[in-house]
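Protein chains in written order, with the working numbering: chain A, 215 to 316; chain B, 5 to 295; chain C, 174 to 333; chain D, 73 to 827.
Because the hints were derived from the structure by calculation, they are not lab data. Just so you know, these numbers come straight off a predicted model, no measurement behind them. Glycine included, each C-beta is placed from N, C-alpha and C at the ideal position. Do not rely on the hints blindly, as some may be mistaken.
Label-pair ranges, simulated between beta-carbon atoms [as the list claims (entries may be wrong)]:
no.	chain 1	residue 1	chain 2	residue 2	range
1	D	E274	A	H283	41 to 47 Å
2	A	E257	D	A492	23 to 29 Å
3	C	R176	B	E60	28 to 34 Å
4	A	E278	D	P151	27 to 33 Å
5	D	H823	B	G24	35 to 41 Å
6	D	S133	A	E278	22 to 28 Å
7	B	A144	C	P293	26 to 32 Å
8	B	E60	D	P227	58 to 64 Å
9	C	Q178	B	P165	55 to 61 Å
10	D	S326	C	Q178	42 to 48 Å
11	D	A296	C	A326	30 to 36 Å
No farther apart than 25 Å at their CA atoms in a straight line, the calculated lysine-lysine pairs in the DSS-like style are these [stated by the list, open to error]:
no.	chain 1	residue 1	chain 2	residue 2
12	D	K356	D	K236
13	D	K236	D	K383
14	D	K278	D	K230
15	D	K100	D	K82
16	B	K27	D	K204
17	D	K179	D	K100
18	D	K385	C	K323
19	C	K319	D	K236
20	D	K389	D	K356
21	B	K27	B	K56
22	D	K262	D	K278
23	D	K203	D	K236
24	D	K148	D	K204
25	C	K291	B	K56
26	B	K27	D	K203
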Amino acid sequence: MPTVWVPSLLRPLCGGATTLQVEGQTLGEVLRAADARCPGFFERVVQDGAVRPELAVAINGQAENYPLHEPVGDSAEVAILPAIGGGGFSNFEPRERRPAGG
Amino acid sequence: MEAFEYIAPRTLAEAYQHLGNGKRTAMLAGGTDIIVQLREGRRSCDQVLDLKHIPELMALAFTSDGTLEIGAATPLADIYEDPEVARRLPGLVDAASLIGGIQIQGRATLGGNLCNASPAADSAPALIALAARLVIGSSAGTRELPVEEFFLGPGQNALQPGEILLQVKIPPQPPGSGACFLRFIPRNEMDIAVANAGVSIQLSDDRSRIERARVAVGAVAPTPLLVPAAADALVGQAPNAETLERAAQAAAEAATPITDMRGSAAQRRHLTRVMTLRALNGALQRATENR
Amino acid sequence: MPRTQVQTRLNGADIDFLCEPRQSLLEVLRDELGLTGTKEGCNNGNCGACTVIMNGRIANACCVLAVEAEGAEVTTIEGVARGDQLHPLQQTFLEEAALQCGICTPGFILAAKALLDKEPNPDEHRIRYWLAGNLCRCTGYDKIVKAVQKASAEMQEAKV
Amino acid sequence: MTTIDRTGYKVIGTRPVRPDGVEKVTGKAQYGADIRLPGLIHGRILRSPHAHARILSIDTSEAETIPGVMGVLTAKELPAADDAIQDLGEGAVNLRELSDNVLALEKVLYRGHAVAAVAATSPHIAEEALKKIRVEYEPLPAVLDVRDAMRDDAPLLKEDRYTKSMGAEKTDRPSNIASHNQFHAGDLEKAFAEADAVVEREFTTKMVHQGYIEPQTSTASWNADGTITIWTSTQGAFVVRAQVAEVLRRPVSSIRVIPMEIGGGFGGKIPIYLDPIAALLSKKSGRPVKITMSRTEVFEATGPTSGTYIKMKMAAKDGVITAAEATMAYEAGAYPGSAVGAGSMTMLAPYNIENFKIDAYDVVVNKPKTSAYRAPGAPAAAFACESVIDELAKKVNADPLEFRLKSSSREGTRMVNGIAFPRIGHEECVEAALNHPHYRAPIEGPNRGRGVASGYWFNGGMQSSVVAAVNPDGTVNLIEGSTDIGGTRASLAMQLAETLGIPYEDIRPSVVDTDSIGHNDVTGGSRTTFASGMAAYESGMDIRRQMAARAAKLWNCTEDEVVYENGTLRCTKDSTKELTFKELAAQQPRTGGPIAGKASLVARGAGGAFATHIVDVEVDVDTGKVTVLRYTAVQDVGTAIHPAYVEGQMQGGVVQGIGWALNEEYYYLEDGRLANSSFLDYRMPTSLDVPNIDTVIVEVPNPGHPYGVRGVGEVPIVPPLAAMANAIAEATGHRFTDLPISPRRIVETLHGLEE
């Protein structure tokens with residue numbers, strides 16, 4: 215069961231919980247499982263079928279621009295944090311490469 | 005940069021002739037101020053007169069009575085690299101070797117620094133302290149002016165239309181006198197002075213009293229300032245700490261500084277006292293040494 | 174705007190070029206003569222990236238009108254090495270990692286060359302004072318000063 | 073001085089001369105502005121004199137008639153002009169703002185914002201033509217200070233911008249606060265109540281610039297077949313290609329970006345400013361167009377780093393830091409996207425603190441859009457945190473380094489974002505600093521002081537691609553796409569040489585354009601030696617596998633019976649069978665044709681790195697001038713590939729930090745004008761302002777890299793701001809919490825001078 219570190223601003227959705235143990239083999243499934251426990255969670259992290267551009271997700275400490283179909287190991291830790299491109303434009307995702315669908 | 009004509013007269017007469025042709029003229033010696041001002045549109049002209057090919061303006065020599073005559077277009081590096089100047093006028097060398105980096109000093113001139121008439125001009129306080137006089141020429145002849153009267157306001161000098169600054173004349177410094185020039189800049193090089201001070205004093209034969217003094221400050225008023233009150237606080241007094249402190253305080257009180265990106269008025273007034281005091285100590289040391 | 178013909182001695186060769194009076198020596202070196210080794214960093218005399226040697230003295234080429242080069246002797250970075258034989262300073266700058274991006278390096282090498290030609294054994298303060306008109310943002314100056322010191326030592330040994 | 077012995081590396085750890093060195097010391101290297109093309113014409117940009125105004129009209133008719141003018145451009149001709157935000161979606165706001173920053177469409181948001189451009193046969197004619205363009209503005213009130221911008225009554229840069237807070241619209245009314253984020257753990261009230269010592273301070277820093285000596289430059293040619301070629305100095309040719317493709321609505325494949333040598337970037341040459349303008353002017357004029365910014369344009373209109381306000385409160389109990397509470401507000405500039413996020417995650421990274429609460433605000437102001445500046449966001453955050461830690465140490469009378477060591481993070485410590493640290497080296501850095509002769513030496517004399525501080529940066533991984541082609545003479549062409557700002561051609565070649573067991577001199581690296589190699593992300597985030605180095609290693613292993621296969625065929629044995637060591641292949645079955653790399657390279661045609669290794673990867677396992685600095689200063693209390701007497705920088709680099717280039721990164725970062733601490737600032741006038749937009753009054757340190765910078769390389773290898781590499785470029789700028797402030801506090805007895813700690817600030821404070 216992967217562990218989700220609940221970002222401070224989303225804890226009110228989860229009754230104040232700081233971590234969640236949820237089911238899921240991919241990032242999308244994990245976020246949906248978290249949403250089931252904390253209504254509105256998925257919407258706050260995902261937009262247009264991808265992680266919001268101002269956010270980044272870290273799986274086992276590796277922060278990247280993961281697609282929602284990124285596999286997540288059973289004992290993985292998932293954290294949600296501000297994107298650190300710095301300078302705004304540099305973590306710029308050209309349109310064609312934006313993944314389709316959740 | 006707007007277009008202009010370039011003229012390099014070989015004689016003063018030729019220069020005066022071009023000056024009188026009704027076109028807006030910019031004088032070019034070292035060019036380290038004027039070229040940048042033209043490029044940034046802070047000045048514009050129809051013709052540029054390059055003065056560096058007129059022998060009188062490039063000459064550097066001591067006259068028989070010990071007066072140093074410096075052609076207005078002589079590069080600063082020529083001045084401070086001259087061993088005789090360094091021996092007789094270390095205060096002048098202080099100033100000449102501080103203006104801009106080495107690249108600037110190989111081109112920039114005393115004439116250019118004075119004509120640019122920046123309130124912070126690094127050559128001004130030293131020349132005022134040394135009681136320098138300026139020789140100004142035109143097709144009608146020449147006139148002389150004490151250097152402190154050459155500055156009318158920020159960027160404004162006393163040249164009339166058709167006139168050229170020809171020479172800076174520095175009288176011999178009597179035995180027992182010493183001069184020193186210091187400036188404060190945030191970095192150790194390349195900055196415009198936040199405050200600068202030039203002083204010269206002459207000690208009595210027995211070094212017990214100060215017989216003559218001139219104190220000048222810069223960057224703390226619309227023009228570089230000769231401060232008579234500071235000199236009065238020195239003349240006739242024993243060259244001790246209290247005397248120098250009183251003179252430095254007098255210099256600070258004469259300052260009318262402004263606040264801008266380079267410094268605040270309060271900071272400049274404070275620095276005027278500090279830099280004048282340090283320059284006085286430097287001058288005192290030189291005066292006692294060459295007694 | 175009519176152009177003026179200028180004759181000058183550039184890197185040991187007599188050449189002439191046409192230019193407008195408003196063109197700086199930096200602009201002509203780069204855009205007319207194709208000598209792009211002299212770099213523009215600020216175009217107002219504050220960074221030293223356009224340092225050249227003119228009549229034996231270093232100068233910022235951006236603060237010299239090209240027409241002022243008439244009859245002058247000018248050396249740019251392209252004239253420092255002798256064919257493929259690097260000047261000792263060029264060699265020590267490489268050996269001591271005295272450059273990172275390299276845009277300021279031509280200016281530093283000409284400034285340091287003029288210093289060592291004039292004063293064979295300058296101390297660290299003298300080197301730092303002489304090079305204060307050349308800005309570098311990558312190195313923090315440490316390795317540049319050491320490269321100049323090393324070249325100074327090697328050049329003195331070579332003379333002995 | 074490196075602390076651990078080499079683990080048998082032959083090339084790694086040596087100090088060869090970089091392959092691009094001779095060209096750079098002889099002036100032959102081609103930087104962006106050095107490009108010369110037949111028919112080349114010159115572009116210039118018209119920029120807004122107002123900090124905030126609506127553009128009512130732009131009349132370019134007269135400019136177009138001037139002899140020599142060959143093209144005039146305004147934002148109306150940018151494709152983004154006709155996009156309504158709705159159909160682009162929230163995610164593409166970035167694109168809309170990127171285009172608007174290239175050429176303003178409806179509003180100018182900072183003085184210097186580009187509004188029009190001209191191309192002409194000479195730069196002088198182009199400048200004169202700019203004066204003939206008439207722009208009608210409706211000036212609007214501007215806001216320049218970050219705290220002013222956060223107030224409810226502040227003038228709004230964008231009337232319909234609401235604060236985003238992790239995906240939710242936070243405020244009910246529009247605001248200049250673009251986003252708010254928070255990290256929180258533990259019980260702060262309890263920690264502060266039970267503490268032995270609590271320190272609370274407010275800090276401000278000013279907007280500062282990267283200060284690269286080469287101004288931004290771009291040359292573009294819109295070719296007859298509709299393709300576009302761009303020559304520019306950039307940290308990332310592929311990122312330029314992607315941004316230009318978006319702004320011009322052209323397929324990425326139609327754009328070829330040729331990275332020229334780059335004269336410094338430090339993060340500031342990632343965004344694009346000139347490329348789309350040069351391209352469109354080229355299309356209009358049928359000529360290649362070169363645009364180079366003046367130094368004033370670079371200061372006024374390219375991304376500085378944020379001015380900041382940080383309120384910092386920390387507590388200590390039993391000699392350990394137990395709580396940290398911070399409010400951080402960073403100027404984003406004209407559009408959202410400051411580095412407050414990175415600042416909020418690096419600030420406490422050196423320490424294991426149980427109770428923390430960090431609120432981070434990204435705030436737009438009428439100043440140029442900020443961009444990355446070396447560890448973006450981290451130096452200002454460390455200035456606040458490490459200053460307060462120094463006061464805490466004093467209150468519990470602990471040695472400032474011992475105090476930091478006791479609270480240090482280590483493997484397993486969780487960062488504020490929940491991520492657990494892998495193997496890291498902060499403790500090793502603090503210990504190395506504690507035992508260093510500099511820290512052991514007494515510091516005496518009036519108005520002298522010693523300061524210490526630590527710092528952290530994540531270091532990036534991201535995407536890299538290389539190809540390594542074996543030449544018949546046994547040399548290898550390393551074809552890569554990472555622009556080389558500080559010697560990465562050498563550090564990549566060294567890693568490939570080490571992998572192949574051949575001399576460094578036999579590797580011929582070349583940085584190529586976007587048509588000639590797979591995608592490479594920016595040279596930035598201190599990632600190149602790590603990520604492109606990993607790709608170089610993988611391409612070397614690919615070559616070794618291909619060579620082993622050939623040897624096996626030649627020797628009639630299986631591949632796993634072939635051993636590759638020190639550039640020699642041996643057959644374990646028959647010791648007489650041996651081939652050197654060179655020998656096999658010569659037989660490529662007869663053994664299956666040319667051998668080339670390839671690697672394209674997302675480099676994972678980037679090693680975060682720490683630094684601890686020591687500085688001694690003397691303060692002239694009469695003039696307020698600070699002299700740096702001695703500086704020692706200690707830094708964990710994982711493995712130093714080329715120690716001299718590592719030392720150079722450390723020394724350069726330190727001196728940028730010293731400039732930031734003492735004299736550098738954007739000095740704005742009331743009307744939003746930047747007063748000091750020149751190297752004369754934007755005071756970067758000269759050679760005479762700093763001593764030699766002593767460096768200590770600590771090597772705690774990064775398990776995520778074949779040679780243990782960690783990024784080194786950005787960490788060194790993080791500690792200096794606080795180290796200088798702590799040293800000045802010791803020297804003067806006064807704790808300065810506002811940067812720069814200039815002579816003016818020191819004199820006004822110590823002598824009580826009022827304005």
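Of the hints given before, which are not true for this structure? When the structure is compared with the hints, numbers 5, 6, 7, 9, 11, 12, 15, 17, 18, 19, 20, 22, 23 turn out to be violated.
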